[in-house]
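Here the structure of chain A is known, so what remains is to put chains B and C in place on it, guided by the hints.
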Amino acid sequence: MFGKLGWDAIPLDQPIPLIAGAVVMLLGLGMIVWVIAKGWFPYLWKEWITSVDHKHIGIMYVLLGLLMLVRGFIDAIMMRAQQAMAFHAGGYLPPEHYDQVFSAHGTIMVLFAAMPLVIGIMNFVVPLQLGVRDVAFPTLNSVSFWLTATGALLVNVSLLIGEFARTGWLPYPPLSELRYSPGVGVDYYLWAVQISGVGTLLTGINFVTTILKIRAPGMTYLRMPMFCWTALASCLLILAAFPVLTATLAMLTLDRYLGFHFFTNEAGGNAMMFMNLIWAWGHPEVYILVLPAFGIYSEVISTFSSKPLFGYRSMVAATLFICIVSFCTWLHHFFTMGAGGDVNAAFGISTSIIAVGTGVKMYNWLFTMYGGRIRFTTPMLWSLGFMTTFVIGGLTGVLLAVPPADFLLHNSMFLVAHFHHVIIGGVVFALLAGIEYWWPKAFGYRLDERWGKAAFWFGLVGFYVTFMPMYVVGILGMTRRLQHYDVADWYPWLLVSAVGILILMGGAACQITQLVVSFLRRHELRDTTGDPWDGRSLEWATASPPPVFNFAVLPQVQDAEAYWDVKRRAREAEELGGQPHYAPVEMPRNSPTGFVCAFFATLIGFALIWHIWWLMIVGLVGAYATFVVFAWRDVPEYVIPAEEVERIDRADRQARQEALSGAVTT
Amino acid sequence: MTMEADRHGLEHEEDDKGGASDEHSAHVGTYVLGLALATLLTIASFWVAKTHLIYDPGIPMALATLAVAQMGIHLVFFLHLTTAPDNTNNILALAFGLLIVGLVIFGSVWIMGHLNHNLMPMPQLMQMQR
Amino acid sequence: MSAAEFTTAIADPYRLGHRGPNLARGHGGGGPATKRVIVGYGFWLFLLSDIIIFACLFATYAVLADATAGGPKARDIFELDRVAWETACLLASSFLCGLATIAVAQRNQILTQAALVATGLTGLAFILLESSEFAALHAQGFGPTRSAFLTGFFTLVGCHGVHVTAGLLWLGTMMAQFYAKGFRPDIGRRFLCFSMFLHFLDVVWVAIFSLVYLVGTRL
Numbered sequence: 001m002f003g004k005l006g007w008d009a010i011p012l013d014q015p016i017p018l019i020a021g022a023v024v025m026l027l028g029l030g031m032i033v034w035v036i037a038k039g040w041f042p043y044l045w046k047e048w049i050t051s052v053d054h055k056h057i058g059i060m061y062v063l064l065g066l067l068m069l070v071r072g073f074i075d076a077i078m079m080r081a082q083q084a085m086a087f088h089a090g091g092y093l094p095p096e097h098y099d100q101v102f103s104a105h106g107t108i109m110v111l112f113a114a115m116p117l118v119i120g121i122m123n124f125v126v127p128l129q130l131g132v133r134d135v136a137f138p139t140l141n142s143v144s145f146w147l148t149a150t151g152a153l154l155v156n157v158s159l160l161i162g163e164f165a166r167t168g169w170l171p172y173p174p175l176s177e178l179r180y181s182p183g184v185g186v187d188y189y190l191w192a193v194q195i196s197g198v199g200t201l202l203t204g205i206n207f208v209t210t211i212l213k214i215r216a217p218g219m220t221y222l223r224m225p226m227f228c229w230t231a232l233a234s235c236l237l238i239l240a241a242f243p244v245l246t247a248t249l250a251m252l253t254l255d256r257y258l259g260f261h262f263f264t265n266e267a268g269g270n271a272m273m274f275m276n277l278i279w280a281w282g283h284p285e286v287y288i289l290v291l292p293a294f295g296i297y298s299e300v301i302s303t304f305s306s307k308p309l310f311g312y313r314s315m316v317a318a319t320l321f322i323c324i325v326s327f328c329t330w331l332h333h334f335f336t337m338g339a340g341g342d343v344n345a346a347f348g349i350s351t352s353i354i355a356v357g358t359g360v361k362m363y364n365w366l367f368t369m370y371g372g373r374i375r376f377t378t379p380m381l382w383s384l385g386f387m388t389t390f391v392i393g394g395l396t397g398v399l400l401a402v403p404p405a406d407f408l409l410h411n412s413m414f415l416v417a418h419f420h421h422v423i424i425g426g427v428v429f430a431l432l433a434g435i436e437y438w439w440p441k442a443f444g445y446r447l448d449e450r451w452g453k454a455a456f457w458f459g460l461v462g463f464y465v466t467f468m469p470m471y472v473v474g475i476l477g478m479t480r481r482l483q484h485y486d487v488a489d490w491y492p493w494l495l496v497s498a499v500g501i502l503i504l505m506g507g508a509a510c511q512i513t514q515l516v517v518s519f520l521r522r523h524e525l526r527d528t529t530g531d532p533w534d535g536r537s538l539e540w541a542t543a544s545p546p547p548v549f550n551f552a553v554l555p556q557v558q559d560a561e562a563y564w565d566v567k568r569r570a571r572e573a574e575e576l577g578g579q580p581h582y583a584p585v586e587m588p589r590n591s592p593t594g595f596v597c598a599f600f601a602t603l604i605g606f607a608l609i610w611h612i613w614w615l616m617i618v619g620l621v622g623a624y625a626t627f628v629v630f631a632w633r634d635v636p637e638y639v640i641p642a643e644e645v646e647r648i649d650r651a652d653r654q655a656r657q658e659a660l661s662g663a664v665t666t
Numbered sequence: 001m002t003m004e005a006d007r008h009g010l011e012h013e014e015d016d017k018g019g020a021s022d023e024h025s026a027h028v029g030t031y032v033l034g035l036a037l038a039t040l041l042t043i044a045s046f047w048v049a050k051t052h053l054i055y056d057p058g059i060p061m062a063l064a065t066l067a068v069a070q071m072g073i074h075l076v077f078f079l080h081l082t083t084a085p086d087n088t089n090n091i092l093a094l095a096f097g098l099l100i101v102g103l104v105i106f107g108s109v110w111i112m113g114h115l116n117h118n119l120m121p122m123p124q125l126m127q128m129q130r
Numbered sequence: 001m002s003a004a005e006f007t008t009a010i011a012d013p014y015r016l017g018h019r020g021p022n023l024a025r026g027h028g029g030g031g032p033a034t035k036r037v038i039v040g041y042g043f044w045l046f047l048l049s050d051i052i053i054f055a056c057l058f059a060t061y062a063v064l065a066d067a068t069a070g071g072p073k074a075r076d077i078f079e080l081d082r083v084a085w086e087t088a089c090l091l092a093s094s095f096l097c098g099l100a101t102i103a104v105a106q107r108n109q110i111l112t113q114a115a116l117v118a119t120g121l122t123g124l125a126f127i128l129l130e131s132s133e134f135a136a137l138h139a140q141g142f143g144p145t146r147s148a149f150l151t152g153f154f155t156l157v158g159c160h161g162v163h164v165t166a167g168l169l170w171l172g173t174m175m176a177q178f179y180a181k182g183f184r185p186d187i188g189r190r191f192l193c194f195s196m197f198l199h200f201l202d203v204v205w206v207a208i209f210s211l212v213y214l215v216g217t218r219l
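Order-wise, the sequence lines are chains A, B and C.
The first sequence maps to residues 1 to 666 in our numbering.
The second sequence maps to residues 1 to 130 in our numbering.
The third sequence maps to residues 1 to 219 in our numbering.
Just chain A, with the same shape it has in the complex (with noise of 0.2 Å):
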């Protein structure tokens, strides 16, 4: 009846998954009765669960991408202390378990926390940028989000029902083939990592179709903003790179399932195979992350600088040069399996060359702010520290695309360190940075700058003494995953380094405190102009928060930058522009489809980990049927009237008017 599923898969006899897991439960239990008991389940209902509208849809998959930050990083608070413990000790961790808390740090960090929150920035600002009401296809952006919920949540569900994956985030076979992990740890891992998969790959569809398809009018290629560019290129990316990893992972999963023999040790299967095919997913991967982060600091180096971008066009074109040379880099993850000279060499030369795009953005941001007006801002501040702490960061890593250096650093400590250096001073810093920067824009006021700068100051610093001696003890040898070792030389560069989580957790809780001091000063931090920073592009061209419709009537675009190329002309003529004239605006109608999609993806996947097979043909019915009901509907849109339209944009006018003539007197 239940499969697989019994009471023993509950893990009593380890206090630290059952507390987490029961912890984590009871909150989230309270929050649901907390909602309903106080009546806001309809408003929740209404407004987000069956939201269709982008601005709802980022603003989720930010807070999903933030709570998952802290789970990834509560992992990674346990590992710098067993490992600070661990000297000639087993620490507290057995290894069973220190190694499902290193599965699950990378897996969450690099798919349910960084993915979320990049993607969540592409849904808040893309449409916006563009100068439109939404994306595409507004219901299936709703399915992509509750999908990836789906996945975080089947992540989460395995600390309380069942174990994760001790393989590493990414299940290298044999060690992940059911003769060696026979458990449903592997099982949950494949799940959550597919169906988040096919949310992901959704949202790039849709965001490539949005981007090429629905712009402003007067909006060409390139009088788009710089994070456009960068979002189309990581979606390409993902429609590029995520069919190989849901192929790989199904492949797997049918050698796990079935008895296939893709990656097995016997009837020649190759499990080389899997490293290759992983990476040529894994690394696109690393720069779907990027790239928008890239276009996030652009974003913002342009605007507190007051300048335009410097080499605008070379920057586009340095983003599609990284976007195709990615594509080619992917054996240097696994120089040391032994390709051969020749191969390492094609990779490791095309490795160093991806550089050289990074490079030229390097140098474009730098005489962005070369004779500009710089404000010290907390997003510019996160901005600066990447441009340092990337720069090293890029440099390691091009150690590592050294074939003959790599055979030493292969697998060690430096490389852990390499990455991290890249993905947080790369990813983390601009997630950081764009959501301080466009909160105001979504939430009407802006963040309290004083805790922000004192998260930053933590966060950077904590930064640097957490990883920088992870180079150390990996060039002095130590491999990376271990869970107890005896090597003096090592010890106190691992207590540094959890000194350093230390200082990293005390950024955290300054983020969090800024977060609700802002909450409660909120009256005073508003923004009433809808453009906070002396923005540039158009999203500043609307209200804070936007109405639903984005823009009262679609911007006629003239300029690269379509908002400073406005403000430019009514601040010389010292008035706005004309009154446009309004139109009833015709909007997508919300849809549960998505949630209850979701709601029987969880069904299957559970059922799958589980091997429950009813309940995986109750879900695939299920699902079948979410989408038949959604073809059957008729009346997919509603219409704002044109008074309610006009009504709405003239409070903005009024605001904007004032905030000219101010500007004029003063």
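Please note that the accuracy of each hint is not assured.
Claimed, not checked - Away from chain A, derived, C-beta distances all over 12 Å, residues of chain B:
1. Pro57
2. Met71
3. Leu75
As the list claims (entries may be wrong) - From the structure, some residues in chain B lie toward chain A, with a derived Cβ separation under 10 Å:
4. Phe96
5. Leu99
6. Gly107
7. Trp110
8. Ile111
9. Met112
10. Leu119
Honestly, the hints are just simulated from the structure, not real lab data.
Ideal placement from N, C-alpha and C gives every residue a C-beta, glycine not left out.
This is chains B and C only, laid out in the frame that chain A set:
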């Protein structure tokens, strides 16, 4: 509200013709020609596979060429790649997809060929483990 | 963009991809494209990503093709007559779907349903032929668990078969929609996607019968 939405819905789709195809693609002749060419190429492929008139090592290459030709026929006559509403973007997307397909297939075969070549033979490996 | 087009865009800027006669082609400043273009393009991108899944399976098949582990080789098990029939069925299915496209454009319910039934029957014949091949192999003990070569073969060809089966399910849903809702624009757009899907499956089959079956018998 719903009535209004309905009316609007109909109104904008006027230029849309409602059907699944625009004026460029809906010709029986196109499909018949596509079917004829595809059938011809399929027969040619099966003939190549069975014949002994062609130099043996050249056969895979011949079959691959015929396959590519037939895929092209399908793309043009069935998927109307040439007359789609926005051809440039469709073709660019296809080119990008094919580039990735090429990279994945040729890259994998190249890499795995080298790895297999460099791999220590199994008996020798077993010897070392003893 | 000409001045006339620009005025049109200004006169009717409220459409999220509803209008924009022919000026909205997406690469310039014409504003949002029509819904039909958007849906067609999105589905085209989906098909490209599907091609990449097949590319991975082809690559894996190519790598594992020699790993027969003492089991049968390609030329021992492939029956070209059956493959020829399968090819004919799928090609016919694709062609009939093209005829259905024309019937839909003419808004002819009877012709549409008839063409779609024919599309479905030829597709079903393909699936039955393929199933009988798989069943025969399995009965001889040459199932996918026998060797890495057979694993790769069954997965690649089976994945295509699963796609065709999903296509048949979609076809049934499509027929029901035309029957119940008529030739509504949104259903027309879905049919556009469906026909693209079916033609695309035939393209993949060309690669499979040429590079797996035909090449396999000559190696």
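Report task. With chain A as the partner, please determine if B/Ile111 meets the hint condition of a C-beta pair closer than 10 Å. Result -> holds, 6 Å
Query - Hint check: 10 Å Cβ-Cβ cutoff, B/Trp110 to chain A - result: Holds, because the Cβ-Cβ distance from B/Trp110 to chain A comes to roughly 7 Å (cut-off 10 Å).
**Report entry** Interface hint outcome for B/Met112 [beta carbon to chain A under 10 Å]
**Finding:** holds, 6 Å
Report task. May I ask you to test the interface hint for B/Phe96 with respect to chain A, counting a Cβ-Cβ separation under 10 Å as satisfied? Result -> holds, 7 Å
Report task. Against chain A, does B/Met71 hold up as non-interface, every C-beta pair farther apart than 12 Å? Result -> Its Cβ never comes within 12 Å of chain A, the nearest being 19 Å, so this holds.
Query raised in the report: Regarding the assertion that B/Leu75 does not contact chain A, is the least Cβ-Cβ distance greater than 12 Å?
Result: Per Cβ check, B/Leu75 is outside 12 Å of chain A; nearest 19 Å; holds.
Query raised in the report: Taking C-beta pairs only, is B/Pro57 more than 12 Å away from all of chain A?
Result: Consistent with the label, B/Pro57 stays out of reach of chain A, its closest Cβ about 24 Å off (over 12 Å).
Query - Hint check, B/Leu99 versus chain A [nearest Cβ-Cβ separation less than 10 Å] - result: For B/Leu99, the interface hint holds, since the closest Cβ of chain A sits about 7 Å away, which is under 10 Å.
Query - Given hint B/Gly107 near chain A, where the shortest CB pair must fall under 10 Å - result: holds, 7 Å
Query raised in the report: Can B/Leu119 be said to touch chain A, with a Cβ gap under 10 Å?
Result: holds, 7 Å
No hint from the list above goes unmet by this structure.
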